[in-house]
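> Once you have looked at the hints, place chain B on chain A.
Protein chains: 2
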Amino acid sequence: MTEGTDGKPGTMISRVLAMIGGDGEDSYARNSSFQQEVISSADAVLATGIEQLTLPAPNAGPLVISDLGCSSGPNTVNIVSRLVKMLKSEYQRRGRDDYEFQAYFNDLPSTDFNFLFELLSSERREFFYAGVPGSFYERIFPKSSVNVFLSTNTLHWISQAPREVTDENSAAYNKGRIWLHGANEHVIDAYKRQGENDMRNFLDAKVQELVPGGLLYCIFGSARIENGDTREQYLAPFSEDETSTNVSFGRILEHVWDELIAEGLLTEEQRARCNLPWYKLSEEELRDILKSYEDVFKIVLLQNMEQPVCRTRDQQELDDLMRMARSIYAPFFNSFIGAESSAILFARWGERFGERIQNRTVSPSYCSHVLALLRL
Amino acid sequence: MTEGTDGKPGTMISRVLAMIGGDGEDSYARNSSFQQEVISSADAVLATGIEQLTLPAPNAGPLVISDLGCSSGPNTVNIVSRLVKMLKSEYQRRGRDDYEFQAYFNDLPSTDFNFLFELLSSERREFFYAGVPGSFYERIFPKSSVNVFLSTNTLHWISQAPREVTDENSAAYNKGRIWLHGANEHVIDAYKRQGENDMRNFLDAKVQELVPGGLLYCIFGSARIENGDTREQYLAPFSEDETSTNVSFGRILEHVWDELIAEGLLTEEQRARCNLPWYKLSEEELRDILKSYEDVFKIVLLQNMEQPVCRTRDQQELDDLMRMARSIYAPFFNSFIGAESSAILFARWGERFGERIQNRTVSPSYCSHVLALLRL
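Residue numbers (my numbering), protein chains in the order written: chain A, 2 to 377; chain B, 2 to 377.
Simulated from the structure, these hints should not be mistaken for lab results.
Only true hints are included.
In silico lysine-lysine, PhoX-like type, Cα no more than 25 Å apart, as pairs: (1) Lys144(B) with Lys299(B); (2) Lys299(A) with Lys144(A); (3) Lys144(A) with Lys86(B); (4) Lys144(A) with Lys292(A); (5) Lys144(A) with Lys144(B); (6) Lys299(B) with Lys89(B); (7) Lys89(A) with Lys299(A); (8) Lys193(B) with Lys292(B); (9) Lys292(A) with Lys193(A); (10) Lys86(A) with Lys144(B); (11) Lys144(A) with Lys89(B); (12) Lys144(B) with Lys292(B); (13) Lys89(A) with Lys144(B); (14) Lys176(A) with Lys193(A); (15) Lys176(B) with Lys193(B).
Chain A with its partners taken away, still in its complex shape (with noise of 0.2 Å):
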């Protein structure tokens, strides 16, 4: 486990990687509509590949499906009930009207469940439903209990920066940063070793947990391939006169950490030991892993998407672009360097980001993996 600068449990990885509770200004809740977004152009995704989806016999018990990494707001209970509708369609069109569905939402303990289980009551379902807190990278469910998963913008998010990064010894030590673009090959390896192992073990917990039949949805953040390699972007020294792609999240980010540092309101030592747990497979890394899985899913669908971030370049659409960030970063960061200087760090994030987002004339995009398994 990645412990935090205090050195307390309580920032565990699987404790810290939450986003922001309850429905308050700065909420997941209220601040997720960009994921939104991605979920909303998803719809056709999870219409792919449902025809071939097995449904429990007769009298055979419900049809189980689970958000895997769900937070908490109304992203998962709309994903989850237009899911259930299509699955509803599916049923009838096939003559069968003695349907049911279980629901389970699951994400890691330090999730706002409480939240989400009021949204949940807040209105007859058409489904039961459970909350399964637990990391979707081990087994969380019982044998072949599972008819659908979904999983949607969280497989980025690897079960740990890889131990490497914050040890002062090792060559993937990855001081003067937290995150990729920069860093040296050892440090890219150990993230991409990481973020494979994960995948793996993600896959080979999915393939115990559905039921043969099943399906298997992920829609999640995909490395942006340029000039044939994914380690292009990260080596490339950070540069002023950036690209499309270089106006993104880890650059500007790096940046803010130099700034503050050297101004003297974040310290070297706190960042040596904050290194973000995101890695972003490319399309290549992720086929080759799926390769081993040949057996046991087939392909039905495997694509990327691209969505633009920032359309308007407004100032409105800035701060919600940036509260978002805060609302899905401010857990990590404030376990690392605390909530005070956590502030200062999104403040001038925002502030950066939203100088460049105006001088530039290309909008920035976010990439994503579009997959759909249905297991053998």
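Same frame as chain A, now just chain B:
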């Protein structure tokens, strides 16, 4: 839904009927040792009928158990762990080692599920688990999806105080009281109807949710029958020279309300709206209800259990007892009279309870129904 004095939706019964969450000094988790005692004496109960339980066929999925009204604390984790251990032995006794267990933790949505999930994740468990928010008086699980239900210390909480008791125009208007001691026959009958209807709704729902051959274990507060008539204890006027069973929760609490209203600290209006959602069925009432379920449930066990409430009578034990009462009832009273008045109520209640315990020669005790049913 019963609403509190402020009329906010936050005081709906399903929101206020939660124990104090977390693990602070006042929490249910740290003040539920009496419930733990009741549960411990139930180990023998849980062993009863296990040899009649139908286990899932090999490879037909996990054995599913659910603790109904689990609350948030170590008690539910302990009892579920012990039950899983017993069930594992039962598999082995029948020559099977293909067991897998899934445990559902159910309680109202306002329960501190996050604290419970933290407890559960603090060590590797022998079962998969999920939280199911909702009232056990309704359907909360798919058809035939649970093998063993368990409900300890919860079924005396009815789904709501009967509507009539807060209706000025009803003969069952319970002015001058918050529960049954000293109430008129109409009030007692209204509570009796509510209690019996709730028990029927409970059994109707669990019949649907249980797998044929599954077991339902319930331990819950039972009315003490004096002179052969349940009503007797409620109809009798309040008396200062109390005998054993009169040193009860209800008697003293009603008296404390009288005192605080006389002193102007609480008002008649507050009392008129506040009625405890509690009803303890007598053994006769329970047996009558069970008669209608003879074709779906076989009674494996039905008996009464009596346990002393105060053993030593020293101040420490009394303090512990009052802290337990507060961890259970504070959210309910807070919603009706506010936290400040509620604190005064609990302090006075403790004082009066202590005086009566110290002055008496007989110890008060708590009676429970112990019930095990086999789904036919």
